[in-house]
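Asks: Below are the chains, spelled out letter by letter.
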Amino acid sequence: MLLIQLFLAAFFLFAIGKVVGRYRAREISLRATFFWVIFWIVAGFIVMLPDSTMYAAKILGVGRGVDLVVYLSLAFVFFALFRLMVKNEQMRREITKLTREVALLNMVDNDKFQNPNVKSSSND
Amino acid sequence: MITVILPAYNEAKNIGRVIGGLFEHGFVEIVVVDDGSTDTTAEVAEKAGATVIRHPINRGQGAALQTGDVYALSQGAETVAHFDADRQFNPKDIDGAVELLRTKQLDVVLGSRFLDSRSKIPWFKRRVILPVGRLINMLLTGVTLTDAHNGFRVLSRRALEKITINQDRMAHNTEIVSLIKKHGLRYTEYPVEVVYHEFGQNVGGGMRILWDVVKSKVISLKS
Numbered sequence: 001m002l003l004i005q006l007f008l009a010a011f012f013l014f015a016i017g018k019v020v021g022r023y024r025a026r027e028i029s030l031r032a033t034f035f036w037v038i039f040w041i042v043a044g045f046i047v048m049l050p051d052s053t054m055y056a057a058k059i060l061g062v063g064r065g066v067d068l069v070v071y072l073s074l075a076f077v078f079f080a081l082f083r084l085m086v087k088n089e090q091m092r093r094e095i096t097k098l099t100r101e102v103a104l105l106n107m108v109d110n111d112k113f114q115n116p117n118v119k120s121s122s123n124d
Numbered sequence: 001m002i003t004v005i006l007p008a009y010n011e012a013k014n015i016g017r018v019i020g021g022l023f024e025h026g027f028v029e030i031v032v033v034d035d036g037s038t039d040t041t042a043e044v045a046e047k048a049g050a051t052v053i054r055h056p057i058n059r060g061q062g063a064a065l066q067t068g069d070v071y072a073l074s075q076g077a078e079t080v081a082h083f084d085a086d087r088q089f090n091p092k093d094i095d096g097a098v099e100l101l102r103t104k105q106l107d108v109v110l111g112s113r114f115l116d117s118r119s120k121i122p123w124f125k126r127r128v129i130l131p132v133g134r135l136i137n138m139l140l141t142g143v144t145l146t147d148a149h150n151g152f153r154v155l156s157r158r159a160l161e162k163i164t165i166n167q168d169r170m171a172h173n174t175e176i177v178s179l180i181k182k183h184g185l186r187y188t189e190y191p192v193e194v195v196y197h198e199f200g201q202n203v204g205g206g207m208r209i210l211w212d213v214v215k216s217k218v219i220s221l222k223s
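Those protein sequence lines, which keep their order, are chains E and W. What the first sequence shows, in our numbering, is residues 1 to 124, in sequence order. What the second sequence shows, in our numbering, is residues 1 to 223, in sequence order.
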């Protein structure tokens, strides 16, 4: 066994431990826990048995198994990055919207601003 | 009625004088959007007689302007002027820009430092940063202007209803120009004086603006 395999296997175990810990702390869902545990197990399997990727690489027309893993990993990382950027942008907009609403509603309290989205609660 | 909107972040030292200057020039509806300042900007602005809207946290100049626009629309404003809170603009220019907007029945009048010789622009900014900014703006918006990222603009109610600023930080300038083109708004440029008390946007700031614009084009969330 190569030293790098040992290091990576240890890191994957550490990652699985973190995932389970987050699930126990109720920070992530059961579905997400399953996804990440399986993800790290598959990664560990590939690292321990690198030749296992050769079969899939040949079917897909990629020269080496390692190349296939790199291509797929890059595709996954870029997709995850895109999703994160979209989420981040959505959150930024929502925070700004909330900030604006709070600022304008504080003016309602001061009778300077009548929010068109808020109906008057008076009965007269 | 002209509503002057001043986005302000930590401008306690300047805001009082800016508001005073605007009152002296006959503007009565002055709205300061305090963008989560950590100094006494809001208090000073209120004392000076402006209507103050306070963002509880800092969201950027674009976000503050949009808050001011929403408020102005709710108050039935017919014309709005975007004006900086750091004493760099001359209140006199608002009159001329508004007159141009009304006589030519335009939707937007954009301030330009390059249409007369009143502005003393630092050499690096005049020769390097702004020409590059102009070129990038032209490529991104398809609109050719003599100036880039000038915060002075006058907008009609029609323009206010069409333009929603989603760029929270400084890229809102580019976004506004894009929206002017997208909605077919009638616009022109008007010479304004800019006095530099600080350098303003540097190369790093410009890169950040470019990143914000490119990011918004790549992600392209619906408004």
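Treat the hints as calculated values from the structure; they're not laboratory data. Here the structure is a predicted model, which is why all the values come from computation and not from measurement. Misleading hints may appear alongside valid ones.
What the hints assert, rightly or not - The list that follows gives simulated cross-link-like pairs (lysine-lysine, BS3-like), each with its CA atoms no further than 25 Å apart:
id: 1; chain 1: W; residue 1: LYS120; chain 2: E; residue 2: LYS97
id: 2; chain 1: W; residue 1: LYS47; chain 2: W; residue 2: LYS104
id: 3; chain 1: W; residue 1: LYS217; chain 2: W; residue 2: LYS162
id: 4; chain 1: E; residue 1: LYS87; chain 2: W; residue 2: LYS47
id: 5; chain 1: W; residue 1: LYS182; chain 2: W; residue 2: LYS120
id: 6; chain 1: W; residue 1: LYS217; chain 2: W; residue 2: LYS104
id: 7; chain 1: E; residue 1: LYS87; chain 2: W; residue 2: LYS181
id: 8; chain 1: W; residue 1: LYS162; chain 2: W; residue 2: LYS182
id: 9; chain 1: W; residue 1: LYS162; chain 2: W; residue 2: LYS120
id: 10; chain 1: E; residue 1: LYS97; chain 2: W; residue 2: LYS104
id: 11; chain 1: E; residue 1: LYS97; chain 2: W; residue 2: LYS182
id: 12; chain 1: W; residue 1: LYS47; chain 2: W; residue 2: LYS92
id: 13; chain 1: W; residue 1: LYS104; chain 2: W; residue 2: LYS92
id: 14; chain 1: W; residue 1: LYS104; chain 2: W; residue 2: LYS125
id: 15; chain 1: W; residue 1: LYS125; chain 2: W; residue 2: LYS162
id: 16; chain 1: W; residue 1: LYS182; chain 2: W; residue 2: LYS125
id: 17; chain 1: E; residue 1: LYS97; chain 2: W; residue 2: LYS215
id: 18; chain 1: W; residue 1: LYS215; chain 2: W; residue 2: LYS181
Asks: Are the hints correct? Go through all of them and say.
Replies: For each hint, the structure was consulted:
{"no.": "1", "hint": "W:LYS120 x E:LYS97", "verdict": "violated (37 Å)"}
{"no.": "2", "hint": "W:LYS47 x W:LYS104", "verdict": "violated (37 Å)"}
{"no.": "3", "hint": "W:LYS217 x W:LYS162", "verdict": "holds (19 Å)"}
{"no.": "4", "hint": "E:LYS87 x W:LYS47", "verdict": "violated (41 Å)"}
{"no.": "5", "hint": "W:LYS182 x W:LYS120", "verdict": "violated (33 Å)"}
{"no.": "6", "hint": "W:LYS217 x W:LYS104", "verdict": "violated (33 Å)"}
{"no.": "7", "hint": "E:LYS87 x W:LYS181", "verdict": "violated (28 Å)"}
{"no.": "8", "hint": "W:LYS162 x W:LYS182", "verdict": "holds (10 Å)"}
{"no.": "9", "hint": "W:LYS162 x W:LYS120", "verdict": "violated (34 Å)"}
{"no.": "10", "hint": "E:LYS97 x W:LYS104", "verdict": "violated (35 Å)"}
{"no.": "11", "hint": "E:LYS97 x W:LYS182", "verdict": "holds (23 Å)"}
{"no.": "12", "hint": "W:LYS47 x W:LYS92", "verdict": "holds (23 Å)"}
{"no.": "13", "hint": "W:LYS104 x W:LYS92", "verdict": "holds (19 Å)"}
{"no.": "14", "hint": "W:LYS104 x W:LYS125", "verdict": "violated (32 Å)"}
{"no.": "15", "hint": "W:LYS125 x W:LYS162", "verdict": "violated (32 Å)"}
{"no.": "16", "hint": "W:LYS182 x W:LYS125", "verdict": "violated (29 Å)"}
{"no.": "17", "hint": "E:LYS97 x W:LYS215", "verdict": "holds (19 Å)"}
{"no.": "18", "hint": "W:LYS215 x W:LYS181", "verdict": "holds (20 Å)"}
In this structure, the earlier hints numbered 1, 2, 4, 5, 6, 7, 9, 10, 14, 15, 16 are contradicted, and the remaining ones agree with it.
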